[in-house]
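J.: Chains as they are written, first to last, in the numbering used here: chain A, 1 to 161; chain B, 1 to 250.
Hints may contain errors.
[Unchecked claim] Coverage of chain A stretches by chain B, computed from C-beta distances (three or more under 8 Å per stretch; other residues unrestricted): (1) 9–20; (2) 38–49; (3) 122–136.
[Said to hold, decoys possible] Label-pair restraints from in silico Cβ distances: (4) B/V32 to A/I81: 49 to 55 Å; (5) B/V32 to A/I40: 48 to 54 Å; (6) A/I44 to B/N202: 54 to 60 Å; (7) A/N73 to B/K196: 49 to 55 Å; (8) B/S248 to A/I81: 26 to 32 Å; (9) B/T59 to A/C126: 48 to 54 Å; (10) B/A236 to A/K79: 36 to 42 Å; (11) A/C126 to B/N115: 22 to 28 Å.
[As the list claims (entries may be wrong)] Using 30 Å as the maximum straight-line C-alpha spacing, the simulated DSBU-like pairs for lysine-lysine come out as follows: (12) B/K200 to B/K165; (13) A/K147 to A/K110; (14) B/K154 to A/K79; (15) B/K165 to B/K198; (16) B/K196 to B/K185; (17) B/K69 to A/K79; (18) B/K185 to B/K200; (19) A/K110 to B/K200; (20) B/K2 to B/K69; (21) A/K147 to B/K154; (22) A/K152 to A/K127; (23) A/K79 to A/K127.
In case anyone wonders, no lab produced these hints; they're calculated from the structure. Yeah, the Cβ is synthetic: ideal placement off N, Cα and C, and Gly gets one too.
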Amino acid sequence: MIIEKNSTLPEIKKILESVCDPEIPVLTIADLGILRHVQIVNNIIEVTITPTYTGCPAMDMIAANIRLALLENGYSNFKIISTLTPAWTTDWMTEEGKRKLLEYGIAPPKGNAGNISTDGVECPQCKSTHTTLISEFGSTACKALYKCEDCKEPFDYFKCY
Amino acid sequence: MKNNLTNYCLHLADTILIISHRNSEWCGHGPVLEQDIALTNISLDLIGQARNFYQYAATLIGNNCDEDKLAYLRDPAEYKNHLLVELQNGDWGVTILRQFYFSCYQYYFYQELQNSNDVQLAAIATKSLKEVVYHLRWSSEWVIRLGDGTEESKTKMTNAISILKNYIDELFIMSDEETELLHSKISVNLNSIQLKWKQKVNEVFDEATLSFQNSNNLQTGGKNGKHTEHLTSLLAEMQTLQRTYPNSVW
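Excised from the complex, chain B in its bound form:
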């Protein structure tokens, strides 16, 4: 049981850390200064959320484990994040669409996790949800602005929908560990949030004059450590300092 909970925390932390890292790659490269700052501020919120889950996982593991060891010293096959978040940023449209999908996911996920029987998970969820409300509004407005924008922006958004379509369903597939935790009312029932997620996406897509595309080749395996090659290069960059100079601190 404790193992399941640790792995669940790591899965949540990894997913949030990786999307946060991807977004941070835009720092200094955003299309306009205000949006560059907006996306990096979202990254900062997400790093904070990831830290909370890593810290909790480290407490469960014990043996002087800490958040930094979990983030900087695990190999790609040990990472349990969704594949969606490790994909390369692509253009601004792909980044925006992914953030919108993810914020929408987090919004319904945290609403459920707030009621978890695990008090620490519930506490992190209640706090994080306050932040995700703003992420969701920001990313929704950008999907609408680009989808219902110029011919070029609409084409790019349609292209983004196509690029990400095979990585969405994985968000809603329960691992065996999660199903076991659900019996103790600790984890979130992903089936129950899938419909809400889809409704919200459709609502925003309607306003953005965009059409949802269903998956035709589902990609999955992230929770079990099976990743795309993109995670390897991401971690190589993110972990380089700790790998080169072990135990170095600020």
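Next comes chain A alone, as it looks inside the complex:
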């Protein structure tokens, strides 16, 4: 049985901020900037999220995971709203998120949205910037495939968006 708790917004935010991205599980939806806004209106929790890429198949999963996290913690009165504006950008990725991404083996976005330069991407393994683009699109649309000319390891780069 689900018991509706009478708790505060910070507690709810904490639960939502711990929901992970299904594709890159080291990042939370807060790290990625997908979680835009949380508020309580007439006893209903309104969670606003925004999609990363328009075709990203992880979005349905993310909404399902939000639902699950809230239900597990005793909240059943909520609404998930998906918004397109303002459009998601990698500029919203937190510094903590970028650090975790690097540790996970994915080079974080270099520079701001609009920077589509392929130069100077840092190898997550040996930190060399002597790297070459292999393909504009890696294992997912948001990443490009690179190789490091020094340590010879291939790696994914999270593109600026």
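Since the structure of chain A is already known, use the hints to place chain B on it.
T.: For chain B alone, kept in the frame of chain A given last:
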């Protein structure tokens, strides 16, 4: 007015869905693994964009209409896509050239649509443009690589230019509905993006040592539901599940 807007959304959605479907036919058949993945990732972006337009159209139509009904339950004569996108893939050169033409078109189209008085269209455009920037760079580089490549690749690209030449001008012909929407600053003025499109194509063709060929037999009618026979077989395959087992869901 609402009808015009619905049809405009359907035209945009159909065109994007159909090219996305064509590109997805390359999945598992690309010349090298990385490019196979690149093209299918572009398809995925495009499906996402098409979904946004279908979802908006479904909201405008009401009556429990949804994106799946619009994509899977309309006949070829109801589809409003450009003819360019329904043509068969041909070889890698034709596929690349078509994607380059289309990405270039989308790049300038979305730049204008961002300023639409319709907030939902503007929102979809702003978001999609971020993706098209990468599609355009990828396809431009392939046009250059193949055009300025070997004798064989150049011959194939020249052949691709010839195959597609009669399907380009249609991209820039305004329907009456679009012209009406333009008065309310909702739709994009296609005349204003044609020049930019041509300049960009010429720039890439110069680097690719390729020459543009003008149309000698303009093919048009897509927006009004007049299609080539290729759309019928494409839809037959794409819609088969929903047609055979109506209302089935994942």
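J.: Evaluate each hint against the coordinates.
T.: For each hint, the structure was consulted:
Taking a C-beta to C-beta cut-off of 8 Å, the region 9–20 of chain A contributes 0 residues in contact with chain B, too few for the three needed, and the coverage statement is violated. Closer than 8 Å: that is the beta-carbon criterion, and the region 38–49 of chain A has 0 residues meeting it against chain B, so the requirement of 3 is violated. With a cut-off of 8 Å between beta carbons, the region 122–136 of chain A has 3 residues touching chain B; three or more are needed, and the interface restraint holds. Taken as a hint, the range 49 to 55 Å is violated for the pair B/V32 and A/I81, whose Cβ atoms sit roughly 42 Å apart.
In this structure the supplied range 48 to 54 Å holds for B/V32 paired with A/I40, their Cβ-Cβ distance being about 52 Å. Distance hint for A/I44 and B/N202: a CB-CB separation of about 55 Å, consistent with the stated range 54 to 60 Å. At roughly 52 Å, the beta-carbon separation of A/N73 and B/K196 lies within the given 49 to 55 Å, and the hint holds. Judged by the Cβ atoms, the range 26 to 32 Å given for B/S248 and A/I81 holds: they are separated by roughly 28 Å.
For B/T59 paired with A/C126, a C-beta distance near 51 Å keeps the hint of 48 to 54 Å intact. Judged by the Cβ atoms, the range 36 to 42 Å given for B/A236 and A/K79 holds: they are separated by roughly 40 Å. Distance hint check: the CB atoms of A/C126 and B/N115 are about 45 Å apart, inconsistent with the given range 22 to 28 Å. Distance restraint check for B/K200 and B/K165: the Cα-Cα separation of roughly 16 Å lies within the 30 Å cut-off, and the hinted pair is therefore satisfied.
Between the alpha carbons of A/K147 and A/K110 the distance comes to roughly 16 Å, so the proposed pair stays at or under 30 Å and holds. Distance hint between B/K154 and A/K79 is unfulfilled; the C-alpha atoms sit about 55 Å from each other, more than 30 Å. Among the hinted pairs, B/K165 with B/K198 is consistent with the structure: their alpha-carbon atoms are about 13 Å apart, no more than 30 Å. A C-alpha spacing of about 20 Å is found between B/K196 and B/K185, which places the hinted pair at or below 30 Å, so the restraint holds.
For a cut-off of 30 Å, the pair hint linking B/K69 to A/K79 stands: about 25 Å separates their Cα positions. A distance of roughly 25 Å separates the Cα atoms of B/K185 and B/K200; the hinted pair therefore holds under the 30 Å criterion. For the given pair, A/K110 sits about 27 Å from B/K200 by alpha-carbon distance, which is consistent with the 30 Å threshold. Straight-line distance between C-alpha atoms of B/K2 and B/K69 comes to about 19 Å, which keeps the hinted pair within the 30 Å bound.
Distance restraint check for A/K147 and B/K154: the Cα-Cα separation of roughly 29 Å lies within the 30 Å cut-off, and the hinted pair is therefore satisfied. Proposed proximity of A/K152 and A/K127 is supported: the alpha carbons are some 12 Å apart, at most 30 Å. For the hint linking A/K79 to A/K127, the alpha-carbon distance of about 43 Å lies beyond 30 Å, and the restraint is violated.
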